[in-house]
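Trainee: This is what each chain is made of:
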Amino acid sequence: MADDLAVFAEHLVKRFGERRVVDGIDLAVPRGAIYGVLGPNGAGKTTTLRTLLGIIEPDEGRRSVLGHFSPREASDRVGYLPEERGLYPSMKARDAIAFMGALRGLDRRTGRARAAELMEAAGLGHAVDEKIKKLSKGMAQLVQLLGSVVHRPDLLVLDEPFSGLDPVNQEKLEALILAERDRGATVLFSTHIMAHAERVCDRLAIIAGGKRRFEGTVDEARGTLPSRVRYLPTRPDAGLADVLPHDAVPDGAGWRFQLPAEGIEGLLVTLIDRGYGIGGLSIERPGLHDAFVRIVGTAAATGDAA
Amino acid sequence: MNNALRTFRQALTIARRDFVATVFTPVFLLFLFAPVLLGSFSAIGGMGAASVADSRGDKSRIVAILPDAPARTMAAADARLRTAFRRSDEAPPVLLTRQPGRDPAAQARAAFTRDDFEATAVLYGPLDRPQVLYGPRGGRAADYLALLAAETVVAERPGGSVPRITAVKTQTERPRGSAGNRRQSASFAVFGVFLLNLFLASQVVGTMAEERNNKVIEVLAAAVPLESVFLGKLLGMFGVAVLFVGFWGAIIARLGALLPPELASALAIQAAVGLPAFVALFLAYFTMAYLLLGSAFLVVGAQASTPREIQMLALPISIVQMGMLALALAGTARPDSWIATAAQLFPLSSPFAMAGQAATTPSLWPHVAAIAWQLLWVTIFITLGARLFRRGVLQSGGPRPFWKRARAG
Chain A
1 MADDLAVFAE HLVKRFGERR VVDGIDLAVP RGAIYGVLGP NGAGKTTTLR
51 TLLGIIEPDE GRRSVLGHFS PREASDRVGY LPEERGLYPS MKARDAIAFM
101 GALRGLDRRT GRARAAELME AAGLGHAVDE KIKKLSKGMA QLVQLLGSVV
151 HRPDLLVLDE PFSGLDPVNQ EKLEALILAE RDRGATVLFS THIMAHAERV
201 CDRLAIIAGG KRRFEGTVDE ARGTLPSRVR YLPTRPDAGL ADVLPHDAVP
251 DGAGWRFQLP AEGIEGLLVT LIDRGYGIGG LSIERPGLHD AFVRIVGTAA
301 ATGDAA
Chain B
1001 MNNALRTFRQ ALTIARRDFV ATVFTPVFLL FLFAPVLLGS FSAIGGMGAA
1051 SVADSRGDKS RIVAILPDAP ARTMAAADAR LRTAFRRSDE APPVLLTRQP
1101 GRDPAAQARA AFTRDDFEAT AVLYGPLDRP QVLYGPRGGR AADYLALLAA
1151 ETVVAERPGG SVPRITAVKT QTERPRGSAG NRRQSASFAV FGVFLLNLFL
1201 ASQVVGTMAE ERNNKVIEVL AAAVPLESVF LGKLLGMFGV AVLFVGFWGA
1251 IIARLGALLP PELASALAIQ AAVGLPAFVA LFLAYFTMAY LLLGSAFLVV
1301 GAQASTPREI QMLALPISIV QMGMLALALA GTARPDSWIA TAAQLFPLSS
1351 PFAMAGQAAT TPSLWPHVAA IAWQLLWVTI FITLGARLFR RGVLQSGGPR
1401 PFWKRARAG
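So the protein lines, in turn, are chains A and B.
The numbering of the first sequence is the working numbering, which starts it at 1 and goes up by one.
The numbering of the second sequence is the working numbering, which starts it at 1001 and goes up by one.
Treat the hints as calculated values from the structure; they're not laboratory data.
The model shown is predicted, which means the values in this text are computed figures rather than measured ones.
Idealized CB from N, CA, C, for every residue including glycine.
A couple of the hints might just be wrong.
[To be verified] Below, computed lysine to any residue pairings styled on SDA-like, alpha-carbon distance capped at 20 Å:
(1) A:Lys-133 <-> B:Asn-1213
(2) A:Lys-92 <-> B:Asn-1213
(3) B:Lys-1215 <-> A:Gly-138
[Unchecked claim] Cβ pair distances, simulated, as ranges:
(4) B:Leu-1235 <-> A:Gly-164: 32 to 38 Å
(5) B:Val-1020 <-> A:Gln-258: 54 to 60 Å
(6) A:Gly-252 <-> B:Glu-1210: 56 to 62 Å
(7) A:Gly-138 <-> B:Val-1020: 34 to 40 Å
(8) B:Ala-1250 <-> A:His-126: 56 to 62 Å
(9) A:His-126 <-> B:Val-1020: 44 to 50 Å
(10) A:Lys-137 <-> B:Asn-1003: 52 to 58 Å
Excised from the complex, chain A in its bound form (with noise of 0.2 Å):
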């Protein structure tokens, strides 16, 4: 095992009954990187992070977080969001987060002190000294969170942290997350929603029915569809058809087509050389949300995903 991975994971299994939940997965996380963990509902995601925590343990092969393959030996340096949101209701914002230092190893009155400052910057100074049941859901989500920083730890995991935040509070939390990442956190989080794992994910896996279908950058997973062209000719016309690749399709007055292998070029010319015209053209690259489909989609039309 590299000392440079933070989370590292072997052939990871976990069984509830007869049933794999986690099934043979492979992980190595990065030190110092923000990787993903996407998948469907189902696909295993939440059980992973847990084994990996050592909040359950698991049925087979091992996994080490922060060097130490206990992970409860670690446990001090890592902070943990969970996916089932969970404060103690009478307890006020800034104890909560103090709280969670402390559980953690951080003295008490350094955990209200920095608890005040995180609830200033993430913008609910006002509310430090309110009751966790007199908060909105949202904000007492962003202070569980704060209270998952406050031991400013090494590696940050997040359960779906976006679920049941606003669009405001959602761009704070990805604020949040690459400022960890600054800081020299590893943060490790799981997702089903791809657009924020697009924009902060240096690397992401994609598991589905327990399995691993994919492991590597934003960029590669895209890359595992080809870009898509969209052409709108000057003059349309039924001959078109047989000029353009073969699994061109008529998308309202244009066409949509996957890039050729050999390029683009080629096409051009014939086009313009027959009179079409070039109306309109664009490249796109596909997004993460379609790799994402894809890959999940290959797993469960060959019976494998949850």
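Given the coordinates of chain A, assemble chain B onto it according to the supplied hints.
Mentor: Quick look at chain B alone, frame taken from chain A:
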């Protein structure tokens, strides 16, 4: 009518859900079989109560300090007179006869301090002018001894004139440190530890439900070992218990100062290990009883996921506590019996039984061993509870055993 039917149908829908949600839980089994526990513990309790009564009866004696000849005559008179008592609980305590020494009066007083029997009344002096000392609740026994003295005199002078016999009956205080006082102190210790724990330890049962309901358990389980979570819960509630006991202890101590001296003297603790050690042991056993019962209840309560399940645990928990009290009392009543050993060894009754033993037996080393034994069980309960919680609630298990892995291929 339609509306009424609809309302009834809706009510049945809710009733069905509630019924299923209540019955199909492991906790319901505990609730269902609570009467079995009740029956078992009642049997033990009955044995305990009987033992208390028997031991009191077994050890109670009336004593006559007489030379051999009149002693034999008195024993014969006693055997005759006893046939008049049909019920054993009406009969006076068993008669013991003792040879008079140089100072029969001192010998009589000393009889009240004996550990091997509990003197209720003691007769000494010439039979036509006998002196009878009697302790608390010994009035009837003193009368019986006076009657026996008269019967003995009559029997020794058949056909002769019988002098007028006047017994001088004097009530005496049971000296401090007597077996009776120690047993009273032992019962106090057992009841004291029990009462302090009765309401306090059961408070622990619902504490994990709070974390489960508001989902904080996931945060805790990720940050600290579950054993720490369980121990923390237990210690937190123990702090509450200590505050409660401290508050009421201070008030009762103040009230105690206002008691009349005779009553205060009667209630004074007489412990074989000495008062300071007894107080220390009482507090230690209160702590151990709390930790043991609390950890056991915490483990059981942690498996419950709803307030309804917590509520259903109240009955079995109360029964278990009563059972432990009964077992400990039974042991205290017969310190040398197997039931005493069982009460001292069984983890949940051990603190009660050992608190009682502190009052009756002077040696301290058994307490050191008992506290170590009880701490071991607290550790076992917490470790077991954490494992059950991890496996059952967090759905985590260790790696499969190799034979299962091999079978799975």
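Trainee: With reference to the structure, classify each hint as holding or not holding.
Mentor: Hints, verified against the model:
1. A:Lys-133 <-> B:Asn-1213: Holds, because 14 Å separates the two Cα atoms, which is no more than 20 Å.
2. A:Lys-92 <-> B:Asn-1213: holds, 19 Å
3. B:Lys-1215 <-> A:Gly-138: holds, 16 Å
4. B:Leu-1235 <-> A:Gly-164: 32 to 38 Å: holds, 34 Å
5. B:Val-1020 <-> A:Gln-258: 54 to 60 Å: holds, 55 Å
6. A:Gly-252 <-> B:Glu-1210: 56 to 62 Å: holds, 59 Å
7. A:Gly-138 <-> B:Val-1020: 34 to 40 Å: holds, 35 Å
8. B:Ala-1250 <-> A:His-126: 56 to 62 Å: violated, 43 Å
9. A:His-126 <-> B:Val-1020: 44 to 50 Å: holds, 46 Å
10. A:Lys-137 <-> B:Asn-1003: 52 to 58 Å: Check failed, 38 Å falls outside 52 to 58 Å.
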